[in-house]
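S.K.: Chains A and B are the protein sequences, given in the same order. Per the working numbering, residue -2 is the first one in the first sequence, and the count goes up by one each step. Per the working numbering, residue -18 is the first one in the second sequence, and the count goes up by one each step.
If you only want the chain B side, here are some residues facing chain A, beta carbon under 7 Å, derived: (1) G(-9); (2) N(-2); (3) G28; (4) H29; (5) M96; (6) G97; (7) Y118; (8) V122; (9) Y139; (10) G163; (11) S167.
Hints listed in this document are in silico derivations from the structure and should not be mistaken for laboratory results. Backbone N, C-alpha and C define an ideal beta-carbon position, used for all residues, glycine too.
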Amino acid sequence: MLTKRIIPCLDVKNGRTVKGINFVNLRDAGDPVELASKYAAQGADELVFLDISATIEERETIYELVRRVAEQINIPFTVGGGIYDVEKVRKLLTQGADKVSINSAVVQRPALAAEIAREFGSQCLVVAIDARKEGDRWSVYTHGGSRSTGIDLLDWARQMEDLGAGEILFTSMDHDGTHQGFACDMLSHMSTLLSIPIIASGGAGTKEHFKEVFTIGKADAGLAASIFHFDEIPIPELKQYLHLAQIPIRL
Amino acid sequence: MIAIIDYDAGNTRSVMNALDRLDVSYVLTDDAEQLRAAEKVIFPGVGHAAAAMDALRRRNLTTVIRQLTQPVLGICVGMQLMCKRSEEGNIACLGIVDRCVRKFDVASGLKIPHMGWNTVHIEEDDVLWTDIADKSYFYFVHSYYVPLMQETIARCTYGEVFSAVIRKDNFWGIQCHAEKSGKIGSTLLANFVKGSIT
Chain A
-2 MLTKRIIPCL
8 DVKNGRTVKG
18 INFVNLRDAG
28 DPVELASKYA
38 AQGADELVFL
48 DISATIEERE
58 TIYELVRRVA
68 EQINIPFTVG
78 GGIYDVEKVR
88 KLLTQGADKV
98 SINSAVVQRP
108 ALAAEIAREF
118 GSQCLVVAID
128 ARKEGDRWSV
138 YTHGGSRSTG
148 IDLLDWARQM
158 EDLGAGEILF
168 TSMDHDGTHQ
178 GFACDMLSHM
188 STLLSIPIIA
198 SGGAGTKEHF
208 KEVFTIGKAD
218 AGLAASIFHF
228 DEIPIPELKQ
238 YLHLAQIPIR
248 L
Chain B
-18 MIAIIDYDAG
-8 NTRSVMNALD
2 RLDVSYVLTD
12 DAEQLRAAEK
22 VIFPGVGHAA
32 AAMDALRRRN
42 LTTVIRQLTQ
52 PVLGICVGMQ
62 LMCKRSEEGN
72 IACLGIVDRC
82 VRKFDVASGL
92 KIPHMGWNTV
102 HIEEDDVLWT
112 DIADKSYFYF
122 VHSYYVPLMQ
132 ETIARCTYGE
142 VFSAVIRKDN
152 FWGIQCHAEK
162 SGKIGSTLLA
172 NFVKGSIT
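Construct all of the structure, not just a fragment, from the sequences and the given hints.
M.R.: What follows is the structure in structure tokens.
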């Protein structure tokens, strides 16, 4: 039986893992290569690596890091952040990434999604969407959650599926960093509407939140960062809990 | 020496990393002589089947691969290309096994691609299964599948029951990404590259 995936996310800035609350107040969370190895050994189902470096110079360090992580780990590995063209995708895949995650760049130029899917296949394209609730609708944000686009979340997710996205990584900015649970209602809605897998992100604080995201939220994967980095919830303990809660999970 | 077929398949680096972790030496090549001379051959693959067949043709490798006599392991699209045809791009493939690769039924309500860790049910004994328990989890990512057939030695279920692993003579094909399937995947690769199979 296909299992639900637990995905630790490493936000990387200038070679270090960092974590903020509501996209700001970054604090150091350790060496990305060490963390990646630890998570793979603990039974993480995949790994996501987001480069949140601010400058082009800092971003050049990502290739070396991707190569070192890919040498170490034997689980699927997604890299995102600062990807604006097919050539960067090629370079990251060459260094050992299995998938790339794209966010702002496809909002600026949606055709990029189709170009990547055509060149490397949908399986390697994760479209990341940051959104927040505004009144009775959800609006897509770009540039690390700093710019509102006014685009409707569900319209956008559907458009990305049509253009060849293999997965959607949806982060609720309202929930991110709060540890109060995932945006299960919206996730459930999105999961029913789309026929590609949904990775839920933003809000994980307890083991119960993961159970909810897979049952109520109908998500295919749950992604979190700080609760794993700071050992609040060790991955083996979380997976054991989900297994006992009858969620299909790989132990 | 292990040879990995070089035709710009997307998961080549991952396969190389996996072999490095097993401390196995290999050569990445599209040279027909080197491929024929290799002790074993790994045929990686990810992405679109039609694009992959084109890449093989451009490098004049289709006949070479078909005629290999040493153990050959096709991974994901590498496995699918061993079939007669694929619905992906509606193309003719290598025809090592007499089956057509089919698309998962979108109308079934299943999420496509089939992506994630799923259980592999062993159907037939094989050297590949040394130290691997029945119903172990492997990582899959694919939208097309190889149906069950006589050559199926392990199956997986995602809506359809399909071939997770096939074997015909010296050709093995695995749908899952052993190079990305944690410890159990490494064991499978080690069984192929280090095992005494002929």
